[in-house]
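Protein chains: 4
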Amino acid sequence: MAIRILVTGGTFDKEYDMINGKLDFEDTHVPEMLQLGRCTLDIEVRTLMMIDSLEMTDTERATIALNCKMAPEEHIVITHGTDTMPETAAYLAQENINKTIVLTGAMIPYKFGSSDGFFNLGAALAFAQTLPSGVYIAMNGRYYNWDNVRKNKKTGFFETLK
Amino acid sequence: MAIRILVTGGTFDKEYDMINGKLDFEDTHVPEMLQLGRCTLDIEVRTLMMIDSLEMTDTERATIALNCKMAPEEHIVITHGTDTMPETAAYLAQENINKTIVLTGAMIPYKFGSSDGFFNLGAALAFAQTLPSGVYIAMNGRYYNWDNVRKNKKTGFFETLK
Amino acid sequence: MAIRILVTGGTFDKEYDMINGKLDFEDTHVPEMLQLGRCTLDIEVRTLMMIDSLEMTDTERATIALNCKMAPEEHIVITHGTDTMPETAAYLAQENINKTIVLTGAMIPYKFGSSDGFFNLGAALAFAQTLPSGVYIAMNGRYYNWDNVRKNKKTGFFETLK
Amino acid sequence: MAIRILVTGGTFDKEYDMINGKLDFEDTHVPEMLQLGRCTLDIEVRTLMMIDSLEMTDTERATIALNCKMAPEEHIVITHGTDTMPETAAYLAQENINKTIVLTGAMIPYKFGSSDGFFNLGAALAFAQTLPSGVYIAMNGRYYNWDNVRKNKKTGFFETLK
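Residue numbers (my numbering), protein chains in the order written: chain A, 1 to 162; chain B, 1001 to 1162; chain C, 2001 to 2162; chain D, 3001 to 3162.
Chain A extracted, bound-state conformation (with noise of 0.2 Å):
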C-alpha cells in the first residue's frame, strides 16, 4: 500500500544545537525512522515546512490541505507539532478530502534518545492502512476523530472531548 509522509515539523524533528545552545530544526529523521523500523512499505516522504506547530497559520494549513490532495496516494501521514495538531486536523477535515489522512507527532524530539515519536509514526502508518477516509490523529496508541480531541496541556496527553 503506497502511503505518503508530509513532513512539517514540530517536536519530533527538533534537535539540539550546541553552538547556540538551542532547540532547532535541521533536516527530518523521518526517512532514518522509517530505516530503523525496518519499514518495507512504499512510501514517499515530503518535507513541506519545518516549523514550530505555533507558527502554524492558515497559509501552512493551505499549503498541507493541497499537498494531501493532489498527492497520488490515498493514504496520508502528516508529521507535526502536538500544540496545535487539532486545529491542522479541522482545517483538513473542511477541505473535505476523501483520502485516510493521520497526523502525528511527539512530545520528546526522535533525537534525544527516549522520544514517543518512534512508536507514535508506528502506529500512524498502520492506522493509514486501516481507518476508512477521513482526518486522524494518532498519538498516545490511539486514534481519535479531529471532531473529538484535544491535548491537555498540562499533563501532554491527548484526550476525547466527550
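No lab work stands behind these hints: they were computed from the structure.
Ideal placement from N, C-alpha and C gives every residue a C-beta, glycine not left out.
Among the hints, a few may not be true.
[Unchecked claim] Ranges between beta-carbon positions, derived for each pair:
hint	chain 1	residue 1	chain 2	residue 2	range
1	C	Val2045	A	Asp24	29 to 37 Å
2	C	Asn2152	D	Glu3044	22 to 30 Å
3	C	Ala2090	D	Pro3132	26 to 34 Å
4	D	Glu3044	B	Asn1152	38 to 46 Å
5	D	Met3049	B	Lys1022	19 to 27 Å
[Stated by the list, open to error] Computed cross-link-like contacts, BS3-like style, restricted to lysine-lysine with a CA-CA straight-line distance of at most 27 Å:
hint	chain 1	residue 1	chain 2	residue 2
6	D	Lys3153	B	Lys1022
7	B	Lys1111	D	Lys3022
8	A	Lys151	C	Lys2022
9	A	Lys154	C	Lys2022
10	A	Lys69	A	Lys99
11	C	Lys2022	A	Lys153
12	C	Lys2151	A	Lys111
13	A	Lys22	C	Lys2151
14	D	Lys3099	D	Lys3151
15	A	Lys22	C	Lys2154
16	B	Lys1022	D	Lys3154
17	B	Lys1022	B	Lys1154
18	C	Lys2162	C	Lys2099
19	B	Lys1151	D	Lys3022
20	B	Lys1111	B	Lys1154
Place chains B, C and D on chain A using the hints.
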C-alpha cells in the same frame, strides 16, 4: 479500547548478560515501552514465557491459544520471536478464536538502542484496534494475514507468499 | 582514591521539558553516569546549584571555591557549563587551593543520546587522579591549564591561547 | 599530544547480527566514539584484530607488542576484551617497552546503548597522557598497574590483588 499484550520472549526482549557475554532474557520491556510511547490505551500485559521462538513447540502454542481465548479483551497483541512467528500465527488461526490477534516482534533487541521493536509495537497496537477478527503479523510497518506471510531468513524482512 | 564531584549544572545536566518545550534542569545525571560507567572510585557527589553557566556570578564562584576548600577530598571534579568554564577556572586558581581541581562539562546534554558528557566525565575523573595540584579544564579528551584555555564559540571546541 | 589507539576487538566493539541472532564483530566503533566525544587529540587508530579476548594467544600478544614498539607515538591505548586483559598487560610489561600503554575495554558493547565503553575510552585517553611509562589497565574509572589487577568474573569489576 481494551487490549491484552501476551509476552512470549523473542529478540524483542533479549538483553546482554555482561557476566557471561551472552544474550539472555530477564523481564519484559513492554511496560517500559508503553510508558515511553506515552500510551494511554487500557492495556493488560501478561508474560506467558520468555523463550527464543526456535524453542516454541505446540505446548507453548497451546498456552498462547488458551490465553487468547480466556482473555476478557477482544483485541490481543502477542510479542514473539520472528523465526517461527508465522507458525504460531497459523496455529492460532486454526483455533478459530473470534478476536483480533496481532503477533509482532523485533529483529534487534529493544535494549540495543537501534531496535525496530518500539516502532513495531506502535504499529501492532494500532492494527489490533482497527483490523477485523483474525490472526495477523505486524512487522516492517505492515500487517500480513496469517496464511500469506513468511520471514525471509536471508534479509530478515517479512514478505507475502503470493 | 577519594574524589568529590561538585555539580553546578550546565548543558551536561539539561533536560527536555515536554510540557513547555524548553530545556530545563531537574536532578543531576552524575550518579546515573557513574553507575553506567561502572565506576568503583570512592566518590561523593554534591549538587551546589543547577544553572546555565551564563548565569554564573562571583557569588556562585565563591560557593564553588568554598566547597573545594572545605571538602575532605584532595581531588575534585566540577561539572560546569562550557560558556564560562574558563572564568570559573581562573577564579578558583586565584584562591590558591592546594588540590587537583578539574572542571568538565558537555556540549550536548547527557540525556540527548549523543552527548560528549559521558566521555568527558571519564576523562575528568582520570585527570583528577593523576595531575598535580592546580586547576584544569577537561574537554575534548584533553586537559588545559586554567591560564591557557578558551572556548571557541564558533566551533564549540576548547583551545589553548598560545 | 600524539596517541595511538590499537584496536583488538572485545565486548567493546561487539554488535548484534540480526540475521543469525548472535553477537559479532564488524568494524570498530572507536573513530565514531572519538567524534562523539568531540576529541581533538592527535590520534591514530589502527585495528590489529577483531577477536574475543578468550581467543587471544601469544601470537596475537606478540603482534600487539610489536605495534606498541614500532608506533611513533609514546602514548598508547589498546582496546581489548576484559576476560584476558590482565594477561595481555603482563605480556606487554615483560617486553619492557618504554612507553605509556593503557589497556581498556567494556563490559557492555558500545552499540547497546548503555555501555561503559565510552566512559572508559575517555578515562584511558586521559591516563595515557598523564601516567609515566608503564603498562596499565583503565576500567571502572580507575587505573591499575599491570601487576596488581584481576577481573572479578562474578561481578565483572576489576580489582587490585593486594
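Here's how the hints hold up against the structure:
1. C:Val2045 x A:Asp24: 29 to 37 Å: 32 Å, holds
2. C:Asn2152 x D:Glu3044: 22 to 30 Å: 24 Å, holds
3. C:Ala2090 x D:Pro3132: 26 to 34 Å: Between Ala2090 of chain C and Pro3132 of chain D, where Cβ atoms are some 29 Å apart, the hint holds.
4. D:Glu3044 x B:Asn1152: 38 to 46 Å: Check passed, 41 Å falls within 38 to 46 Å.
5. D:Met3049 x B:Lys1022: 19 to 27 Å: Cβ of Met3049 of chain D to Cβ of Lys1022 of chain B: about 22 Å, so the range 19 to 27 Å holds.
6. D:Lys3153 x B:Lys1022: 14 Å, holds
7. B:Lys1111 x D:Lys3022: With Cα atoms ~15 Å apart, Lys1111 of chain B and Lys3022 of chain D stay inside 27 Å; holds.
8. A:Lys151 x C:Lys2022: Within the cut-off at roughly 18 Å; holds.
9. A:Lys154 x C:Lys2022: 14 Å, holds
10. A:Lys69 x A:Lys99: 8 Å, holds
11. C:Lys2022 x A:Lys153: Holds, at roughly 14 Å.
12. C:Lys2151 x A:Lys111: Between Lys2151 of chain C and Lys111 of chain A the Cα gap is close to 25 Å, so the pair holds against 27 Å.
13. A:Lys22 x C:Lys2151: Judged against 27 Å, a Cα distance of about 18 Å means the pair holds.
14. D:Lys3099 x D:Lys3151: The hint holds at about 24 Å.
15. A:Lys22 x C:Lys2154: 14 Å, holds
16. B:Lys1022 x D:Lys3154: Holds - the C-alpha atoms of Lys3154 of chain D and Lys1022 of chain B are around 14 Å apart, at most 27 Å.
17. B:Lys1022 x B:Lys1154: Between Lys1022 of chain B and Lys1154 of chain B the Cα gap is close to 23 Å, so the pair holds against 27 Å.
18. C:Lys2162 x C:Lys2099: 25 Å, holds
19. B:Lys1151 x D:Lys3022: Satisfied, since the Cα-Cα distance of roughly 18 Å is no more than 27 Å.
20. B:Lys1111 x B:Lys1154: 23 Å, holds
When held up to the earlier numbered hints, the structure conflicts with none and fits them all.
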